[in-house]
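Turn these sequences into a full structure, and let the hints guide you.
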Amino acid sequence: MSAASPRYSAWSLLRARLAGEGFWQPLWSGARLKDGYDVVVVGAGGHGLATAYHLARDHGIKRVAVLEKRLVGYGNVGRNTTIVRSNYLLPENHYFYEDSLRRWERLSRDLNYNVMYSPRGVLDLALSDGEMIGLARRGNAMRLAGIDAELLDRPGVMKFAPELAAAGPRRFDIVGGLLQPRGGTVRHDAVAWGYARAASALGVDIIEDCEVQGVRTAAGVATGVETTRGFVGAGRIVFAVAGHTGAVGRMLGLNLPVETHLLQAMVTEPIKPLIGSVLIYVPPHGEVYVTQSDRGGVVMGGFLDGFPSYTREGQWYRLEDVVGAAVALLPQIASLRILRHWAGTNDMTMDGSFIIDRLRHDNVFLNGGWCYGGFKAIPASGAACATFVATGTAPDLIRAHNLGRFASGHLLDERGGGPFPVRQ
Amino acid sequence: MNRLVCPFCGARELEEFLFHKTLPEAGASEYSAVYERTNRLDDSLEHWQHVHGCRAWLEVRRNPSSGDVLEIRMIGGGRN
Ligand SMILES: Cc1cc2nc3c(=O)[nH]c(=O)nc-3n(C[C@H](O)[C@H](O)[C@H](O)COP(=O)(O)OP(=O)(O)OC[C@H]3O[C@@H](n4cnc5c(N)ncnc54)[C@H](O)[C@@H]3O)c2cc1C
Ligand SMILES: [Zn+2]
Chain A
1 MSAASPRYSA WSLLRARLAG EGFWQPLWSG ARLKDGYDVV VVGAGGHGLA
51 TAYHLARDHG IKRVAVLEKR LVGYGNVGRN TTIVRSNYLL PENHYFYEDS
101 LRRWERLSRD LNYNVMYSPR GVLDLALSDG EMIGLARRGN AMRLAGIDAE
151 LLDRPGVMKF APELAAAGPR RFDIVGGLLQ PRGGTVRHDA VAWGYARAAS
201 ALGVDIIEDC EVQGVRTAAG VATGVETTRG FVGAGRIVFA VAGHTGAVGR
251 MLGLNLPVET HLLQAMVTEP IKPLIGSVLI YVPPHGEVYV TQSDRGGVVM
301 GGFLDGFPSY TREGQWYRLE DVVGAAVALL PQIASLRILR HWAGTNDMTM
351 DGSFIIDRLR HDNVFLNGGW CYGGFKAIPA SGAACATFVA TGTAPDLIRA
401 HNLGRFASGH LLDERGGGPF PVRQ
Chain B
1 MNRLVCPFCG ARELEEFLFH KTLPEAGASE YSAVYERTNR LDDSLEHWQH
51 VHGCRAWLEV RRNPSSGDVL EIRMIGGGRN
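These protein sequence lines are chains A and B, in that order.
Residue numbering for the first sequence follows our numbering, beginning at 1 and increasing consecutively.
Residue numbering for the second sequence follows our numbering, beginning at 1 and increasing consecutively.
No wet-lab data here; the hints were simulated from the structure.
Where is the CB? At the ideal position from N, CA and C, for every residue including glycine.
Do not take every clue at face value.
Unchecked claim - Label-pair ranges, simulated between beta-carbon atoms:
hint: 1; chain 1: B; residue 1: D42; chain 2: A; residue 2: D153; range: 49 to 57 Å
hint: 2; chain 1: B; residue 1: D68; chain 2: A; residue 2: G30; range: 34 to 42 Å
hint: 3; chain 1: A; residue 1: R7; chain 2: B; residue 2: V51; range: 52 to 60 Å
Right under this line is the structure:
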């Protein structure tokens, strides 16, 4: 086992410079798998790592393991377009995501790790008066909850995002927009690494290359998990496996209200600073949300590919739609080359909102159904899920996000799209 | 998976087709049929439509992990 990662500060950077080799240590130590734990968290994505961190930090539970079938950060936490915001319409969602945004604002300090939260503003663009009414409604709902939201007219949009004014007439032109100034981006890999480092420092065992394949039960409670590295006893189990949430249902003999769909993202070669915020543009021929990374690449994403899949192979036609919408928005980028594109598996729910609840047994918990928007939720989800697991009671912030809502009719259907995962 | 073979039109680009929904297990309750999914990794039974072709409604059985199409036929008959 290697030495723990030192605390970072301006002073430690200076020391590192003087110490030469040997100052920097692995961010999380190579823990050995034990026979049993108080809590086993399955999946070392953002939600699993944050849940483990809060279990150890806030609730003093020391025997915690995170079991990951591949590598820390291999899943969606390292594949997303890094956008964070709390501009949701429904109170059950906007209070939760606002809690998360407030945690993002101080996360670098809490973790002692720079996650590069960049409040550059998230701007939803309206292309018709009808869309402006929809955005005004959402903005008003946010403001009533004390969340920052500004409705911009066309000149306001052009002033905030002058890169849009530089372009000539658009076939689907911009009427206005809804801006959340505190929304922005966070460096996704740093979130996985920062939580892993902080959890490891609190004694959490992070075990990579260990796939959970089943749940062992006795007398109606779970006693542990069957893994590719043998049985691991567990007082409580938390599944945070994102795109593989459906498979967890199968382990427990349940059909869950989720379906796995692919979402793609792509990034161009780096250019000088052009796009100063997060722009979301949905013309009739596609959808694009576009940002510029700190390295200069233009990062783009859009709709789901459109059918259930675990392949992580994005469809060409969707890439075309996304890029088409991006070029309609910002003709300046038309000649850029795409450097990379990739896809991730998203656990889409029947109402587009997430699920944190018990699953079949009293001591088994599900943290999932994050759809294509779970990155921004990581800090709030980790804290709330840990409280639920430690105390046995779901905190108010996530009480509405229970599994029973689909049967009782209390759906959290942000878009009003009906029970079609592909349309959320 | 880049193409589907329509029983009427032959092999066509995937973007001509629209996925509609995943079908429930036989005997599923009404609630389950609407809200739950079996989420098998190797087998998914679905309704698609050849929207930019002959517009036929199709029942497609696919392996969602490999992308292989296992069976495709017109809904209500017309086995290919
Ligand atoms: C292209 C793309 C763009 C996105 N953009 C955004 C965005 O801009 N903003 C936003 O908020 N969200 C975004 N999302 C969604 C967000 O990335 C996800 O909702 C979120 O990361 C999922 O939670 P996670 O980090 O815990 O998942 P993951 O990182 O996928 O973690 C789950 C982990 O579980 C592991 N696992 C699975 N099964 C098992 C098993 N049986 N045993 C052990 N381990 C297992 C996996 O290997 C994986 O590492 C995007 C997603 C994609 C794909
Ligand atoms: Zn046809």
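Hints, verified against the model:
At about 53 Å, the beta-carbon gap between D42/B and D153/A stays in the expected band of 49 to 57 Å. Checked against the given bound of 34 to 42 Å, the beta carbons of D68/B and G30/A, roughly 38 Å apart, stay inside it. Checked against the given bound of 52 to 60 Å, the beta carbons of R7/A and V51/B, roughly 58 Å apart, stay inside it.
Checked against the numbered hints above, the structure breaks none of them.
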